[in-house]
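Whole structure, please, built from the sequences with the hints as guidance.
For reference, the chains in residue letters:
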Amino acid sequence: MFLTDEEKRMRDGAEGDAVAAAMDLLIRYGYALDAERLCDIRNVAGTMTQPSPVKARLVAEGGWDKAFAVINLDSDLDLTVPPMRVPTCQLQHGFGPDSVDIVPYPAANVALQSDAEAFYGRHGVNILATCTPYQVGNLPLRGEHCAWMESSAVIYANSVLGARTNCEGIASTGAASLTGKIPCWGNHLDENRLGTHLISVEGHAVESFQDWGMLGYFAGGVAGEDHPVITGSVSRPDLTELKHFGAAAATSGGVELYHIPGITPEAATVEAAFGSAAAVPAAAVYGPAERRAVYETLNEIGSSTDVDFVLLGCPHASVDQIRQAAGLLDGKRLSAGTELWIMAPRALKVMADRSGYTAVIERAGGRVLADSCPAMSRAAPAGTRVFATDSAKQAHYLPAILGIEAWFGTLEECVAAAVTGRWNGGLH
Amino acid sequence: MSGSVILHGRTVVPGSVEGEALVSHEPISGWGGIDPARGVIIEPRHELFGVCFTGKILVFPSAKGSSGWSGFFQTTRLSGTAPIGMVIGRISAKSALGAVVTRVPAITDLDADPCSVIATGDWVLIDNSTVEVTKR
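Residue numbers (the numbering used here), protein chains in the order written: chain A, 7 to 434; chain B, -16 to 119.
The hints are simulated quantities; they were obtained by calculation from the structure and are not laboratory data.
Fair warning: there could be bad hints in the mix.
Said to hold, decoys possible - Here's a subset of chain A near chain B, in silico, CB distances under 10 Å, partners left out:
(1) R34
(2) T179
(3) S341
Said to hold, decoys possible - Computed footprint of chain A on chain B; a stretch qualifies when at least three of its residues, placed anywhere within it, have a C-beta under 8 Å from a C-beta of chain A:
(4) 46 to 52
(5) 64 to 77
(6) 100 to 106
Said to hold, decoys possible - Far from chain A by the CB rule (all over 10 Å, computed), these chain B residues:
(7) S(-13)
(8) H(-9)
(9) G(-2)
(10) E26
(11) C35
(12) G38
(13) V83
(14) A95
(15) N111
(16) T117
(17) K118
(18) R119
Small disclaimer: the values here were computed from a predicted structure and weren't measured.
All C-beta atoms, glycine included, are put in the ideal place defined by N, C-alpha and C.
Structure representation (structure tokens):
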């Protein structure tokens, strides 16, 4: 891999041991990718503060410097963490102190994370604490090279914003934060940003939040790690619908970039999405039968209709999603055996508090929680056996992570399940 | 069936290792797909649900899902539950970084589909840019 003189100086230790270790990781990683060179970035979204058993052990052994060296730089050296070289934010992590009486999450993790926030804040990490940095002020521009983790954020940045990032990991974002560099490979290059699979929506129009999520789950299955292009009978989506669509496509497949001609920025037409008219492939049809198959897949883990737990806000909810849930819960009361949590970025929870939505939800017995989610923190209400969600991503992952049953449906069905304690969903 | 087959590819992580193959025909998830404490695949819909990859040469077509992929495989190294090598059908940022931080010999871009040529239980030798498969 070609290195500039500046990068060679970093590798050779001119900027200190930690930067040298970061450059060593980037060189090993660039070799693994067969990348030709690195590119300059100044927008990193990674994770440093999320508690884990390994991290707790490393911090006990050698403090946060040790934990950062091993986990965020993949280095065995004894290093001191320098200030972040480029703007860097912390994605979603564990639950915070205000969740202690609500979420069964170890107090030791809460303490470890608070300590981590203080340490990394001093080193210049912006603690956004959300899987949706683009909802709380980190909005890269079209064409901007970034180093982001979090598959649902990566697909949003590439597809909706037209920024350029691969689906980075903990060590590559750690190395990027100290160098402002990342391998110039994959989604960073023009020639790798074209569509590969055409999906035509026919029959039942995709125009609801639920349908956008199901279409995303289908698109991930069709395209795998490639780039689906969506045409046909779809409405103009909003931020929340594309947030759901992308999270689902990144879950069922490994999609990091898609185009919706006329809507997303890099493809005005189907032909442009594929580079030329001749390159447009035959379409995979997403019709009523395919829609039903996705719905049944997402609901195949459910058998008992007694719902103990309703989870909303994956990826983290917008203020408007919180408002909608509050509207449905206004004047209602949750079933005695059922809990309802809405996950949101802390910055947006403040807005929901201020707008009165949180109070409405809490009067009904529900909660608006920040920073984390049950999947990240492996924490659901005690005794949960069956949960319901409006998120295709959580319906896919949470049964594996917590060993519980899942129902996937609309926001209205989820709120009804929370109020009655019973799942009564169906595809309409 | 016996005899051996040699595949040629591109080195992802340099090194040599030999051992028993565990072959997945489906992509593998890291976060939400494996339990790094036990080295076991936990995705309910997966063909290898409940199967342990510790000490095996993991042969798989690609990585899917969360960007936690590399971190979870790094944790298998730190927990002593890691595979000893990786044969990757199609490389991506997730699997490339995952192989790097697992620090095991890894190879990709082979001249035949490794998930078809190699079967679970076959004896596999990864030597930088070649894979020698002895059928069992």
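key: Violated hints, by number in ascending order, as checked against the structure   = 3, 6, 10, 13
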